[in-house]
Amino acid sequence: MNVLLDNFPEFRDGFIGTVSITAVSSVIALVLGVAIAGFRVSPVPPLRYFGTAWVTLMRNTPLTLLFLIFFFVVPEILFPGMSPFVLGSLALGFYTSSFVCEAVRSGINTVPLGQAEAARSIGMTFAQTLRIVVLPQATRTVIPPLSSIFIALTKNSAIAGAFSVAELFGWQKLMSDKGYDIVPVFIWVALGYLVVTFTISGLFRLLERRMEVAR
Amino acid sequence: MSASVLYDAPGPKAVVRNRIYAVVGTLAIAALIAVSLLRLADKGHLAPEMWDIFNYSGIRQNIADALVATLKAFGLAAVGSVVLGVVLAVGRLSDHKPVRWAATTFIELFRSLPLLITIYAIWVGFLTDYSMWALAAGLSVYNGCVQAEVLRAGINAVPRGQSEAAYALGMSKTQVMVTVLMPQAVRSMLPTIISQLVVTLKDTSLGFIILYPELLQTARLIASNTLVNGQYPYVSTITVIGTIYIALCLLLSSLATWIEKRGRRAKTGIAVAPAVQAPGTIDATAGTFGPNADTTGGAGGAGTGADGAGGAGVSQN
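Line order of the protein sequences matches chains C and B. Quick note on my numbering: the first sequence kicks off at 2 and runs consecutively. Quick note on my numbering: the second sequence kicks off at -3 and runs consecutively.
Derived by calculation from the structure, the hints in this document are not laboratory data. Glycine included, each C-beta is placed from N, C-alpha and C at the ideal position. Keep in mind that the hints are not guaranteed to be accurate.
[As the list claims (entries may be wrong)] Facing chain B, a subset of chain C residues (Cβ under 8 angstroms, in silico):
{"hint": "1", "residue": "S21"}
{"hint": "2", "residue": "W55"}
{"hint": "3", "residue": "V190"}
{"hint": "4", "residue": "E213"}
[Claimed, not checked] Residues from chain C that keep clear of chain B, each with C-beta distances beyond 12 angstroms, as calculated:
{"hint": "5", "residue": "E11"}
{"hint": "6", "residue": "V35"}
{"hint": "7", "residue": "L58"}
{"hint": "8", "residue": "T140"}
{"hint": "9", "residue": "L169"}
{"hint": "10", "residue": "T198"}
{"hint": "11", "residue": "L204"}
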């Protein structure tokens, strides 16, 4: 009990940090993931190759390695002096984008063939077919896997804590460095994460119900 | 729907347009890579001396040791997680309520927590001086829970008639599980199990945070202890070690894909699951086997029907 009450400001900052890094990198992952899924089904071969390479590479890279790359290599290429928060959300967002891409792509595959054919036969272009006809229908099948992807993202954000981003794992580390017993610290941090993940799965269940349409 | 359904066979105009997009896209990607390389060269990261450090036998020895350390932790975690997965899966399908509840609670709790905080808690709390065992234990607990869910989905996918027939022959519960359900479940879930092992391999990199001298930790140590041209060779070490890591993971995931393709060819047995890789530290079952994973007591239920024991608990959960 004391651990939490004595260090509540830090815990609160950590919790807010976890929530905000999750939110920011979710947005990055979603935008990037949908764009790369579009690349992967596009009629232009180099874009397809790029999409495939991106997914293969990102999926087989340990997230810790990606964090190392973003903290030690990327500042050498882009502007130096980006904050750990920005670098962390970028690493997390890039990593998750490959999983979002695969989810969206398999969602596209579940849309009945006739839909795209009908769209083409009334003269829609590739971009129009995807944007107006296929993607909106794919959304419904994509939402359940997206929910587990974002929960995984929340859990993965713990790694950012080890790279000096203020979030819940950082608090756990700080407390154990201060000499508190690890068990209560673990329980409080676990509760913090559970709150975030349950909120996400609740939100997605709500979304699923809203989007539910008889097919 | 295959990708080609989304667009017509290109006519002459579309061919030209696609070619333009292709050239522009290729140029953009090439330019991005070129700018990155130029910037790195500017900062001196591409100087030969930076990469020459990998010719020193000491550093080579360090990398070899680190590779062995990573593989050791991975081996321990792989065995631990599969064993724990089998135990938990059987526990969750058990006819006895307390066992089922204990297994379900354990799985749901550790599956929904970040792996890192589990590993860190085990390290600080119990195994401070044994970071390898702390890493292996944390990985086993987390991945064991995921493997348990994968196996459970596999067991539930075995047609009910199989276990009913086995019970009709007079087999005991253990015999049915060991000789009828498990082999089929493992066979059909092998690609998913191996994909989860890839995730386990990737997650050994969390040893970096508890200072276990695996590949990434070694990369950091090499880079921060070697001074070349007044700079620390982070870029070159991360490139080399990263390549090793990605090669290992690609090797293991291509094994999973190969087994999946091989399984598809076979005419017998239940369908082989796709080799889906879950995003890093996540539940593999949630997305892929949603409908299957939620039907607890499918196989267990069939068992109790014939067995007559513990029938009360079956309808629950």
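Now for the hints, and whether the structure bears them out:
1. A hinted interface residue such as S21 of chain C counts as satisfied when its beta carbon comes closer than 8 angstroms to some beta carbon of chain B; here the least separation is about 16 angstroms, so the hint is violated.
2. Restraint check, W55 of chain C versus chain B: the minimum CB separation of about 10 angstroms is more than 8 angstroms; hint violated.
3. With its C-beta approaching chain B no nearer than about 5 angstroms, V190 of chain C sits inside the 8 angstroms limit, and its interface hint holds.
4. Hint status for E213 of chain C: violated, given a least beta-carbon distance of 15 angstroms to chain B, over 8 angstroms.
5. Taking the minimum C-beta to C-beta distance to chain B, about 16 angstroms, the non-interface status of E11 of chain C holds against the 12 angstroms cut.
6. With a cut of 12 angstroms on Cβ distances, V35 of chain C stays outside the contact zone with chain B, its closest approach being about 15 angstroms.
7. Residue placement check: L58 of chain C does not keep its beta carbon more than 12 angstroms from all beta carbons of chain B (closest about 7 angstroms).
8. Separation of T140 of chain C from chain B is adequate, the least Cβ-Cβ distance of about 15 angstroms exceeding the 12 angstroms criterion.
9. For L169 of chain C, the shortest C-beta to C-beta distance to chain B comes to about 8 angstroms, within the 12 angstroms cut-off, and the non-interface label is violated.
10. Against the 12 angstroms criterion, T198 of chain C falls within the reach of chain B, whose nearest CB is about 6 angstroms from its own CB.
11. Chain B leaves L204 of chain C outside its interface by the beta-carbon criterion, the shortest separation being 15 angstroms against a cut-off of 12 angstroms.
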